[in-house]
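K.L.:
Each protein sequence line maps, in turn, to chains A and B.
The opening residue of the first sequence carries number 1 in the numbering used here; numbering runs sequentially from there.
The opening residue of the second sequence carries number 1 in the numbering used here; numbering runs sequentially from there.
Just so you know, not all the hints are guaranteed correct.
[Said to hold, decoys possible] If you anchor each label on the Cβ, the simulated ranges turn out as follows: (1) Y40(B) / P244(A): 28 to 36 Å; (2) F254(B) / S444(A): 54 to 62 Å; (3) L389(B) / G216(A): 47 to 55 Å; (4) S444(A) / G157(B): 18 to 26 Å; (5) L240(A) / A10(B): 38 to 46 Å; (6) S444(A) / K391(B): 44 to 52 Å.
No lab work stands behind these hints, which were simulated from the structure alone.
As the structure is a computational prediction, the values presented were derived from the model and not from experiment.
For every residue, glycine included, the Cβ atom is placed at its ideal position computed from N, Cα and C.
2 protein chains.
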Amino acid sequence: MMNVLSTLLAPDKSGKLPVYIQIANDLMGLIRSGTLQPGYRLLSTRQLALILKVHRRTVVQAYDELLAQGWLESHTGNGTFVAKHLPEVRPVPIKQEGNKLTNPLKKAGFAFDKPAHLDRPVLKTTTRLHLDDGFPDPRLAPLEELSRAYRSQLLHGNPYVRLGYGDTGGANWLRRELSTYLNETRGLKTAPENILIVRGVIMAIYLASSSFLKPGDYVALDSPGWFGAAMNFQQAGARLCEVPVDAHGMDVDFLEELCEKQPIRMVYVTSHHHYPTTVALRPDRRIKLLKLAEKYGFIIFEDDYDYDFHYLSKPLLPLAGADQAGMVLYCGSFTKTMSPAFRIGYMVGPEDAIQHLASLRRIIDRQGDRMLENAIAELLQTGVIQRHLRKSVRAYKQRRDHFCELLKNELPGKVRFQVPDGGMAVWTEFDESVNLQTLAANASRRELYLSNGSVAAYPSPYANYVRLGFASSDLNELEESVKIIRDLL
Amino acid sequence: MMNVLSTLLAPDKSGKLPVYIQIANDLMGLIRSGTLQPGYRLLSTRQLALILKVHRRTVVQAYDELLAQGWLESHTGNGTFVAKHLPEVRPVPIKQEGNKLTNPLKKAGFAFDKPAHLDRPVLKTTTRLHLDDGFPDPRLAPLEELSRAYRSQLLHGNPYVRLGYGDTGGANWLRRELSTYLNETRGLKTAPENILIVRGVIMAIYLASSSFLKPGDYVALDSPGWFGAAMNFQQAGARLCEVPVDAHGMDVDFLEELCEKQPIRMVYVTSHHHYPTTVALRPDRRIKLLKLAEKYGFIIFEDDYDYDFHYLSKPLLPLAGADQAGMVLYCGSFTKTMSPAFRIGYMVGPEDAIQHLASLRRIIDRQGDRMLENAIAELLQTGVIQRHLRKSVRAYKQRRDHFCELLKNELPGKVRFQVPDGGMAVWTEFDESVNLQTLAANASRRELYLSNGSVAAYPSPYANYVRLGFASSDLNELEESVKIIRDLL
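With the hints as extra help, turn the sequences into a complete structure.
P.N.:
What follows is the structure in structure tokens.
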């Protein structure tokens, strides 16, 4: 056994794990695998220390560890033994076992399905320049104020209450501030009980899909549309019905025909700035959509991801404000207000639906980040967010105008687009002579991010379309970016 | 129509909403409801201002709003009209409509199921004293250090990258730090790819249930056990098999019999400090549990919610460290290290399973709080968390000892308990003469929180048991709390 143990136990003295823990772990593995059987008498600490060329104290520590854990028993004056109450276990080949012990596991020992709809690349932008999907510029965000507000939440007040469990629906302060804010600026008619704080629009869609869809339900959504919503409906087992979008948003007559053919449970719509095309849903279509919801009993999920960023005199008010029958679930987000890493959004709906969604949210992550939620509430109450919005809308309007001029003047004949009334991106069709994959790959080498279309995967009529986000770059960066594209075309 | 409009439009001049928005909203409601039909010519701004006793500019603003939104059309020199392209809509009774418009919606217009398992009260503790479920004392937590680290994450570096979208599996820095930390202190064998950052243990259970359970699957869990886990398994449609727990943890022989009768897909176990009883799973049972998992192919979900808080010489190493077949999903949390409001935990498992769980997490909330995750990584790297743990384990051990003495001396004959080897609560049986509901209600009036058992809802043999958390109170508070109970018994 001396030889065997010296092969089996080979602690790595330069490893990060203390040597005594390595020895204890390895011994435990040998006991577990049955190599060392219950009742087996171990080498004395002196002998083992000699074999392993370690200090005796190290082996004593390893044995102590295993004695404390019940793997070993000590019979005074007689030595140390593998504990008797361990069950009989079958020995397994030593070498294989030895290797496995030290390697992190790559593959699960159990089978599981990987639904195809979850298999989609994830975007991460690290280049210096970026014409992204339509993200805000965090350089404009009130980070200093947010940091102070967060600190104050963390350090002041009764920590047991402030840092304990809270409401699963979100911090009450934020729900109150948001209720006022949404009623005043978007014509909604909410009480705080109509609001659920979520971790971004995606969580609102997830909660609604999980709670209100059953496998086989029909969900209508715009085409082209947002894959993130589609992934959620597919995860809930829903069947997707695509509704075409034109210059005035979703074709509600087409939707009506769909409703005649099968029971539609939910309609997903980006009514204000349609994603990806940026068009607004025309008022008559809005009215008809609400009427259809009442007639056919479907839920309208209104995703208003970037409401605040509109450059005409007044944005359209959300559908939700005109919903008197309780058919609309509405959601918005601070992701576009601050930065994508701030996972704070809100969902608005009838009180009973919101309560139910909060009860599901409880078993997902219990509650949001209370400190951050309260910090955002403070910035709303003190008007910091509102001032920030006014400032950034001005900046983004200027960037939009400059960017559209650049596209027109620097890339003539290569791109077609409409100047968007709102949002943070231009829905751009590249000429068919342009290969988007090649362009994006070459741009990336020049430190410019540009979507190659693979994440969004628009349907074929839109194969050469891409959203070009202008909000996150300043005027110089926009110029640099467009020049790189010009050089590459 | 003058009379009608003066009844229909009654802006509240002291309301929070600007008067022009109130008028615009109300007019929109009247158009939507069909009271004002397409082509209808509106009163001039002067006339309407007279009727409503508001400044003419206010009405101009309201009309402008609706013109911009497309609800109205202006024919130069001829007046303002309800837009023609609006569809025919049926008028609805005016008074009812008027009321509805101003009230937040209470009830959804669509039907939905409310599963009974989600209907459970939520705990919120606001009393001065608390013998809670076993929460940490945030007064001991390194909040100042955390606040500084968070601020540094928020304000330093390239904000576009730092505050943009990141990995759905969690911040890479934290995964690296945790991998080292868990390998060194718990004998795990992880690479960062084996780790998924989650928002507390509950999210780990949610992800595993949603991904690896199908409706009808059998899940074995300990009884008594944690309702939060059971709620998740029920949400996934699983059938629950209860396995009794004794002084050495889950009865694995009973589990083996279960496995012979039906295919068990998952076994949920709190192996280190069993919840709620605080007992540890004995080593021989651990080995047998792992063997059973390999033999019957079930997943072991090892919930190690408060591993670090152990008061014997050495805690037992997790099952996960001995898992060579890839059957164990392991999770732990910073909730007990810092405070419940910090929704950061981690899940450890085979790389392919972790990747799959991250792909589901993407459509739930996209990613965790990157700033907080990186801040925690910094505190791990600089050893702040480790120092905090050593300090708080010393404090909690002292509190445990003092509290158990108090229970013994102040409440003789009224309570039975074992001094727990670890964790933050004493599993206490009150004498049958004590009515827990009454006791908790009376204690609450004396500013002491004590569970009345309604949230946990233990099975009947444990009807008069309750967890009494000692960690969140200092020695004086513990004395005060026990004296209140003594007075009330």
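K.L.:
Each of the hints needs a verdict: does it hold here or not?
P.N.:
Hints versus structure:
{"no.": "1", "hint": "Y40(B) / P244(A): 28 to 36 Å", "in the structure": "holds (31 Å)"}
{"no.": "2", "hint": "F254(B) / S444(A): 54 to 62 Å", "in the structure": "holds (58 Å)"}
{"no.": "3", "hint": "L389(B) / G216(A): 47 to 55 Å", "in the structure": "holds (50 Å)"}
{"no.": "4", "hint": "S444(A) / G157(B): 18 to 26 Å", "in the structure": "holds (21 Å)"}
{"no.": "5", "hint": "L240(A) / A10(B): 38 to 46 Å", "in the structure": "holds (45 Å)"}
{"no.": "6", "hint": "S444(A) / K391(B): 44 to 52 Å", "in the structure": "holds (48 Å)"}
Violated hints: none; the structure is consistent with every hint.
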